[in-house]
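Line by line, the protein sequences are chains A and B.
Quick note on numbering: this note's numbering labels position 111 of the first sequence as 111, and the sequence is numbered without any gaps.
Quick note on numbering: this note's numbering labels position 43 of the second sequence as 43, and the sequence is numbered without any gaps.
One or more of the hints may lead you astray.
When chains are identical, the list treats them as one kind, so a pair holds in a single copy or across two.
DMTMM-like cross-link-like pairs, simulated, lysine to aspartate or glutamate; straight-line CA separation at most 20 Å [unchecked claim]:
#	residue 1	residue 2
1	Lys104	Asp78
2	Lys39	Asp56
3	Lys72	Asp111
4	Lys5	Asp56
5	Lys5	Asp109
6	Lys20	Glu46
7	Lys20	Asp35
8	Lys104	Asp35
9	Lys5	Asp123
10	Lys72	Glu46
11	Lys72	Asp109
12	Lys104	Glu21
What the hints contain is simulated information worked out from the structure, not anything from laboratory work.
2 protein chains.
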Amino acid sequence: MDIPKGFDIFPIGYVHSTLKERSGAPRQGWEGAPDARLKILPAFVEGLDGIQSGQDIWIFTWLHESQRSVLKVHPRGDVLNPMLGVFATRSPDRPNPIGLHRAKVLSVDADGRLHVQGLEAIDGTPVIDIKPVLERGSDS
Amino acid sequence: MDIPKGFDIFPIGYVHSTLKERSGAPRQGWEGAPDARLKILPAFVEGLDGIQSGQDIWIFTWLHESQRSVLKVHPRGDVLNPMLGVFATRSPDRPNPIGLHRAKVLSVDADGRLHVQGLEAIDGTPVIDIKPVLERGSDS
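This is chain A alone, in the form it adopts within the complex:
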């Protein structure tokens, strides 16, 4: 494959969750996912300034257990679903395994601990970015 030069992305923190294995994780946050904690690394804690309890955020993760060479999947892992391209699905297996999770902030503290409601990412998943959910247009 003729792949152009890549970029280096690094963890800004990690997910701490009672979900320990991918096989036990819900497919989406609204499908019974537990509350979880994000621990943001000291070098990046300043970047949290202004995030408030009660607001909705986008959490971007690096789905580190994914298979990056996969381009077609049975949606939701069910062989009865016809195969689709990974970009038409939410499969964690994809060339750049970025997870996108919407969650409500329950609390945030000065040490970089964010408590969030309903996150389907497993324990130890690297967090790579956080953005506020905007109220109109592209987000809602």
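Put chain B on the given structure of chain A with help from the hints.
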């Protein structure tokens, strides 16, 4: 700074747009952004199978002109706005400069060309992932 080992992310395609410079780009897709074309690289075209005209997708980009050492900004670049942490804003300047754009698919062809409505990314921006917008829960 004590930063853990990173991950390699690579372009799956590029944005082709009439927007040529960051200074002329709208802040959000609904603020007058033009329609644009994504050209997905041949190695990844198979991953588009199942994407349909009229559906809404999330386009993930790598904001290659961003400053990655920035942790606080004046929102929307306006010094009258009090400084906030980058994770509380949509600033393109952030440790991992991932862009998140919601857009409607106008057309898609077998050669990996996706025509989308209202994209604020500038010409030449690398595309790193595409996901369908889901109709409930974490997306809507």
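These are the hints, each one checked on the structure:
{"no.": "1", "hint": "Lys104 with Asp78", "verdict": "neither (29 Å within a copy, 27 Å between copies)"}
{"no.": "2", "hint": "Lys39 with Asp56", "verdict": "within (17 Å within a copy, 32 Å between copies)"}
{"no.": "3", "hint": "Lys72 with Asp111", "verdict": "between (41 Å within a copy, 17 Å between copies)"}
{"no.": "4", "hint": "Lys5 with Asp56", "verdict": "neither (34 Å within a copy, 29 Å between copies)"}
{"no.": "5", "hint": "Lys5 with Asp109", "verdict": "neither (38 Å within a copy, 25 Å between copies)"}
{"no.": "6", "hint": "Lys20 with Glu46", "verdict": "neither (29 Å within a copy, 32 Å between copies)"}
{"no.": "7", "hint": "Lys20 with Asp35", "verdict": "within (13 Å within a copy, 42 Å between copies)"}
{"no.": "8", "hint": "Lys104 with Asp35", "verdict": "within (9 Å within a copy, 32 Å between copies)"}
{"no.": "9", "hint": "Lys5 with Asp123", "verdict": "between (30 Å within a copy, 18 Å between copies)"}
{"no.": "10", "hint": "Lys72 with Glu46", "verdict": "between (40 Å within a copy, 7 Å between copies)"}
{"no.": "11", "hint": "Lys72 with Asp109", "verdict": "between (41 Å within a copy, 17 Å between copies)"}
{"no.": "12", "hint": "Lys104 with Glu21", "verdict": "neither (23 Å within a copy, 34 Å between copies)"}
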